[in-house]
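Novice: Just so you know, the protein sequences line up as chains D, G and F, in that order.
Using the numbering used here, you'd call the opening residue of the first sequence number 979 and step up by one each time.
Using the numbering used here, you'd call the opening residue of the second sequence number 277 and step up by one each time.
Using the numbering used here, you'd call the opening residue of the third sequence number 1410 and step up by one each time.
Accuracy of the hints is not assured; some may be wrong.
Computed cross-link-like contacts, EDC-like style, restricted to lysine to aspartate or glutamate with a CA-CA straight-line distance of at most 16 Å [to be verified]:
#	chain 1	residue 1	chain 2	residue 2
1	F	Lys1848	F	Asp1811
2	D	Lys988	F	Asp1512
3	F	Lys1882	D	Asp1034
4	D	Lys988	F	Asp1430
5	D	Lys988	F	Glu1508
6	D	Lys988	F	Glu1897
7	F	Lys1446	D	Asp1034
8	F	Lys1439	G	Asp396
9	F	Lys1584	F	Glu1897
10	F	Lys1838	F	Glu1897
11	F	Lys1439	G	Asp416
12	F	Lys1768	F	Glu1706
None of these hints come from the bench; they were simulated from the model.
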Amino acid sequence: MKIVTGNDLKTGEVVWWDGQGWSIHITEAVDAGDHAETIIATESAARRVNSAYAIDAEQTDDGPRPAHIKDRVRALGPTVRPDLAVPAADYVGWDWVI
Amino acid sequence: MADFDLGTGRDEVQLRFRDDEQADVAAVTVDSFLDQADADAVRIEPGDDARELLPYLSRLRLVEVNFPSHTDGRGFSAARLLREHGYTGELRAVGDVLVDQLRYMRRCGFDAFAPDRWLDEADARVALDRFSHVYQSAADTAVPIWSLRHG
Amino acid sequence: MYRYDQYDQAMVDARVEEFRDQARRRLEGKLTEDQFKPLRLQNGLYLQLHAYMLRVAIPYGTLNSAQMHMLADIADKYDRGYGHFTTRQNIQYNWIKLEQAADLLADLATVEMHAIQTSGNCIRNISSDHYAGAAADEVVDPRPYAELLRQWSSFHPEFAALPRKFKIALIASEKDRAAMRLHDIGIQIVKNDAGTLGAAFYVGGGMGRTPMIAPLIRDFVPLGQLVTYAEACLRVYNRHGRRDNKYKARIKILVHEMGAEEYARQVEEEFAHLLEQGVEPPAAELERIRSFFQPPEFAVGLPEEADRSDPDFALWLDTNTHPHKVPGYASATISLKPVGGIPGDATTEQMHLMAELAKHYSFDECRVTHAQNIVLPHVEIGRLYELWQKLDAAGLGTANLDTVGDIIACPGLDYCSLANARSIPVAQKISQRFAQNGKGAALGELKLKISGCINACGHHHAGHVGILGVDRKGVENYQLLLGGSEAEDVSLGKITGPGFNEAGIVDAVETVADLYLAQRQEGERFIDTYRRLGMDAFKEALYG
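Sequences are here, hints too, so could you generate the full structure?
Specialist: Laid out in structure tokens, this is it:
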């Protein structure tokens, strides 16, 4: 599946396209399919997201899991500071990142 | 576009800080300029060596410096160098010229601006007036802080 | 240390308002991200893996207690209670919000601090010797010259859109404590045969994709022409540095491709021209700056030995203190590398403590080192024990300076969007391994540096042991390098062979350490044994 991610312009938080808006939880990310570029263009122009890009992810029981470790780290937080993880992120667990 | 006549019209200059009449002249490439004994306007591209113009400064009325991208800063050195060698004609920045580069461009000796995209003039005014002081001596007349400190 | 006058303060205050305005225009949509990015970078604001990251400048690594207290407050008010000290003597905050960034910069301005030009294709923070003003071997305190160049480079109108970033280091001793030869410009202040001070300029060093040691470009520039010569170096770079390929745009590539001799000749030509332009500040300006760097009121008749009866203190004394030029004093290193900790990180509380310790033990001054530690430059030897006790209680007393536990590591894939692999967990595991096996002390000086990608912010090319994290088909993998040095015996590390996974690289470091312990001769450090034995012996031990 293709999911779209970026950062909130004002706060810098990592966000994921959930079909209608931007969520900090990757579990809410939807398959953007062929619409990724349109979403990126529209949402960036409206400043609802910054530096957005599309990535490959596999659909799992825990939700979308990005193909690349970098985006998995983005989804959860620094692996060396579990106390700073995205709120309510322990639904995926740190093994999910690595 | 013909490679000898880049036809920059007077209405494309958005900001100008000179008292004299804006010259309605066509700026040619550096190579063409060096071949034409009567040319008085030239356009410098980032890869050109501005020092090739040094023998002809008194003949030049207009030097345009092209900034194809605002991230390519070669034009700053070209401009400042020309002023250091005594060029007193119009020094015009053209291309991807943004409000936030104006102040440094003025310091490097630019006195006219023909940006690809029209600048917000209120923003431009604020940007140009923001800093009252400068740390270094450059091509403008601003007195560097070290000079203010020691008279 | 340097104090702002009305002009310096006005510049920093205006910059805050300029950035506030630029951020507003971005949030309102008047600037696109492409237009805003170079502007925010020149104020140290990156968009990183998790959030905006802000890099605050600590000019030549020097701070007073008021400034360290402010850095602590900023971590608390705008971030998540900690900061990260970097390999260029700066500090980074990882969780900044764009909408608060201008307020943060305004707070910094109240203590004469800023984030000006800490990123972007411009002249960056000028680094220097963390023992400046204290070391016996300096010919002069390098920092007034660093300050002169800092002001020259700040808001320099000609050099704000260089081909790439530009880093300058300035030292004043034969011993290189600032990795000077691995900078775009490295300046060493020297004395000529007549006893006159001048500057040797090395241009074209750097790490990253193509590491290079800077060649000597001019052996003696009179100090009264320092700024003019630097300007000539920059102008030639701005003119000719490559713009077609981001990975070939540093000055090291230009000097290498053009040849050092030709580069030097072009600089000389530009230098002769610029000498006629009056760009050099008068001698009075350097003297004015130097007046801020007068030695503190050192006491006399102080004890020159510390009480060594506490063995833990004695270990710290031997490892973490450096001789001072004034009898009765020492420079003390506060380790930000506790066993298993995150190298270079400090909490708000730790920063407040270090500020107070600087104030009470070191004439209100501390330094950030490029090895990501903090130095108190002027401590009475008789008070070191008391100081150490306070450090130890706060987790800042690890006795590991320049040993295997004193690891330099970039933030890596845990924080950085450029990274290919995580570096911090590797540092933590190595640190724990050597604490457990007890070999750390026996190993002595062993500079271990870890980078999470080829950009080499962890300076892995310059480690006696270096580790480079790479992406091997989507999985983190680590290359081992041996034989680098950032000091005056500068050399670039060589890769040993195939890479390792995370467990493997920790074992590999122990393997090379064991070979050294088995083979070393009297007085040899790890790097010396490596240079004597050669790579083959280590390859044999690693790969069989």
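Novice: Does F/Glu1706 sit within 16 Å of F/Lys1768, going by the straight-line distance between their CA atoms?
Specialist: 14 Å, holds
Novice: Just to be careful, I want the Cα atoms of D/Lys988 and F/Asp1512 compared with a cutoff of 16 Å; is the pair within it?
Specialist: Within the cut-off at roughly 14 Å; holds.
Novice: Would the pair F/Lys1584 and F/Glu1897 pass a check requiring their Cα atoms to be no farther apart than 16 Å?
Specialist: 6 Å, holds
Novice: Regarding the pair F/Lys1838 and F/Glu1897, is the alpha-carbon distance no greater than 16 Å?
Specialist: 30 Å, violated
Novice: Would the pair D/Lys988 and F/Glu1897 pass a check requiring their Cα atoms to be no farther apart than 16 Å?
Specialist: 45 Å, violated
Novice: Mind checking the alpha carbons of F/Lys1882 and D/Asp1034 for me, to see if they're no more than 16 Å apart?
Specialist: Distance ~15 Å between F/Lys1882 and D/Asp1034 Cα, so the pair holds.
Novice: Measure nothing beyond the straight line between the CA atoms of F/Lys1439 and G/Asp416; if it is 16 Å or shorter, mark the hint as holding.
Specialist: Violated. F/Lys1439 to G/Asp416 sits at ~29 Å, over the 16 Å cutoff.
Novice: Can the restraint linking D/Lys988 and F/Asp1430 be considered satisfied, given a maximum Cα separation of 16 Å?
Specialist: 14 Å, holds
Novice: F/Lys1439 and G/Asp396: Cα distance at most 16 Å?
Specialist: 9 Å, holds
Novice: Is it true that the CA of D/Lys988 sits at most 16 Å from the CA of F/Glu1508?
Specialist: The given pair, whose Cα atoms are some 5 Å apart, holds under the 16 Å limit.
Novice: For a C-alpha distance cap of 16 Å, please report whether F/Lys1446 and D/Asp1034 respect it.
Specialist: 26 Å, violated
Novice: Decide if the proposed pair is consistent with the structure: F/Lys1848 and F/Asp1811, CA atoms, cutoff 16 Å inclusive.
Specialist: 14 Å, holds
Figure legend: structure checked against the earlier numbered hints; hints not met, in rising order: 6, 7, 10 and 11.
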